[in-house]
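Throw the hints in and build the complete structure from the sequences for me.
Read off the chains here:
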Amino acid sequence: MKIFYRIAIILILQTLVLFFMIGMKQHTLNTGIPILLETQPVDPRSLFRGDYVRLNYTISEINLDQLAGDKDFQRRDPVFVLLKKSNKYWEPASVHKAYPETQPDTVIIKGEVEYLQSRLWNDETKVSEKANLLRIRYGIENYFVPEGKGMELERPQDGEIVEMVVAVDKSGNAGIKAVLVNGDVKYEETLL
Amino acid sequence: MRNSSFAKRIQKELPVWVEQGWVKPDGHQAILNSLEPSDSHAGFLSYALSILGVLLFGSGVITWFAANWQEISKLTKLILLFGSLWGTYCTAGYLIAADRYRNIGQTILLLGVILFGANIMLIAQIYHIDSHYPNGIMLWALGGLLTAFVMRSQPAMVAAIILCTIWTGMENFDFGQKIHWWFLLFLLPGFCLVFQNRWRFAAHAAMIGLLFWCLAIFEPVEHIWPKVSVLYLVQFYFLFYLGAGILCNLLYDDKHKATISVVRNYSIFGAIAGFYLLTFPRFQSGVRWDGDPQRITASLPWVIITISMMTIVVGLSVWQWQRLSKTEDTRHILWGYIVICAVNIILMLNLFVSGLYGGLIAISLNLLFFACLVWMIIAGIKRYDRYLINIAFIFFALGLISRYFDTFWSLLNRSLFFMVGGLILVVGGFFLERQRRKITGEIVIQQKKEAV
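Sequences listed follow chains A and B, in order.
Counting in the numbering used here, the first sequence runs from 281 upward without gaps.
Counting in the numbering used here, the second sequence runs from 2 upward without gaps.
Derived from the structure by calculation, the hints contain no laboratory data.
There could be a bad hint or two in this list.
Claimed, not checked - Derived lysine-lysine pairs resembling DSBU-like cross-links, with alpha carbons at most 30 Å apart: (1) B:K450 with A:K377; (2) A:K450 with A:K368; (3) B:K383 with A:K351; (4) B:K75 with A:K390; (5) B:K383 with B:K449; (6) A:K450 with B:K450; (7) A:K351 with A:K364; (8) B:K179 with A:K390; (9) B:K25 with B:K13; (10) A:K364 with A:K466; (11) B:K258 with A:K466; (12) A:K466 with A:K390; (13) B:K258 with B:K25; (14) B:K75 with A:K450; (15) A:K390 with A:K406; (16) B:K258 with B:K179; (17) A:K466 with A:K368; (18) A:K282 with B:K327; (19) B:K450 with B:K327; (20) A:K466 with B:K78; (21) A:K410 with B:K450.
What follows is the structure in structure tokens.
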């Protein structure tokens, strides 16, 4: 086979992989149902990829004792969380090991169990109490921002509220659609 | 000593030597020709330097993107990423097609593989793709494997194997609950390519990767089968690498000797390192520094796996015996087989006994370990194999030190322990090194004699 045909094969396949990465994310953003999530940000910096904000959602930590669904999870298990809209934000209603039956006005988001926590410190009683907590990763925990802007989102000024609009597609995959600061769109995701 | 000052001196002296009659006139030019720098060495140097240059350039591109990223629009970023990838591969293709710059073309291909990885990372950043992060490295490794396969590129193959090893490291150490079999699925076509193209460097990378994977799966294996697994896994490794070493001897031919000898050497290392681990009494009894022996007998899957591997090793040994007995003196090989048979019997017995008998098993394996090392030295002398002798001496020293620590740590006063240990190291090290040099030196002399 001629050298240039060979190079063409490599280029086409490698480009397709890169387009597939973009396409998958865009599919989630375009077809997914937008939901508003409350965040509690914290920050590191990626050596290769510049500044990014590490986002901690209220749905990232789930108390299994307070929710319906499955209870026996292991580290790295896939997890499906059924979210329902409460006043402003979407909040967990039940937790499942497999994709549950969909219900009206609900969204199912897919994640992975990061770790399980069996005890929780109670600030009021100053005693470590028994708990059944799941720490979940949804793949929406990192948001890359222009260099030097990370701290604005991570350490908001007094009274500032940072919220994330997340799109969740039919398979439960999630992607950050927009970042809101005090209800105004600060960053919005587009294809180009 | 092939350097320019030496060559100049010879050039200056040669006419005098010819005049004196020490060197024949026609030998004059032959000597000068032999002092010319070798093309293959110069070619290798420029190849190595260009690879180094590509690696530095690739790192520079990635860090430049990272530093200036926010100032560029999304569309420009994509044009830059895809443009650089396409431009690099097309340049590589052009250089390889113009046969004269084939080596430079190969190194530009490596730059293409590096840029493919940079594109994965940067597209993940642009579109906030934050999934299971080892997958990014896996995609990168697959891109490298594709380039190696399609372009028959050794640098791309080495890069792909290194990336695959990083990938399996991440999967095993960060998410280590299951054995990461995918690594082997990746390595298998990699090995086929390495053998087909006789890539020596890639063979080194593949064997190092395989040894790394063998170590990395300790944690998931222990998680799946606690209390017994790691010991039986090491037994399996010993048998596997022993079988691989014998297979390499059987497959050895002039066409593939460059790659097969690399695989054989790593296999011998893997087998003897595995055997060395099996000689530790605490490892055999399953004691974790204090407490009672914890090891229980092997479960059925381990019995099946171990006996199957033993059967393969025995089969390969018989095949080798049949082949060697026709051509050479096989007495020393017979002794080796007897030692290996005895080790196999102990390993099989070990499947059915608990940690209570760990001490007894360890003593037997220690005796066989040192017998095996002595046999390796004898076999090395008989077959003029310096690698076999060197590795045997290294593990002989390691074995002695380990047994000294095992035996005298609790028996001697601490200061006396270290003083005696230090003396043993100095005297023993001197003696072993002297013996090793003597034997390998004799082999070199013998080889030169035979060459003459």
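Now for the hints, and whether the structure bears them out:
no., hint, in the structure
1, B:K450 with A:K377, "violated, 73 Å"
2, A:K450 with A:K368, "holds, 22 Å"
3, B:K383 with A:K351, "violated, 66 Å"
4, B:K75 with A:K390, "holds, 28 Å"
5, B:K383 with B:K449, "holds, 15 Å"
6, A:K450 with B:K450, "violated, 77 Å"
7, A:K351 with A:K364, "holds, 19 Å"
8, B:K179 with A:K390, "holds, 21 Å"
9, B:K25 with B:K13, "holds, 16 Å"
10, A:K364 with A:K466, "holds, 25 Å"
11, B:K258 with A:K466, "violated, 63 Å"
12, A:K466 with A:K390, "holds, 26 Å"
13, B:K258 with B:K25, "violated, 38 Å"
14, B:K75 with A:K450, "holds, 27 Å"
15, A:K390 with A:K406, "violated, 34 Å"
16, B:K258 with B:K179, "violated, 36 Å"
17, A:K466 with A:K368, "holds, 19 Å"
18, A:K282 with B:K327, "violated, 47 Å"
19, B:K450 with B:K327, "holds, 25 Å"
20, A:K466 with B:K78, "holds, 21 Å"
21, A:K410 with B:K450, "violated, 79 Å"
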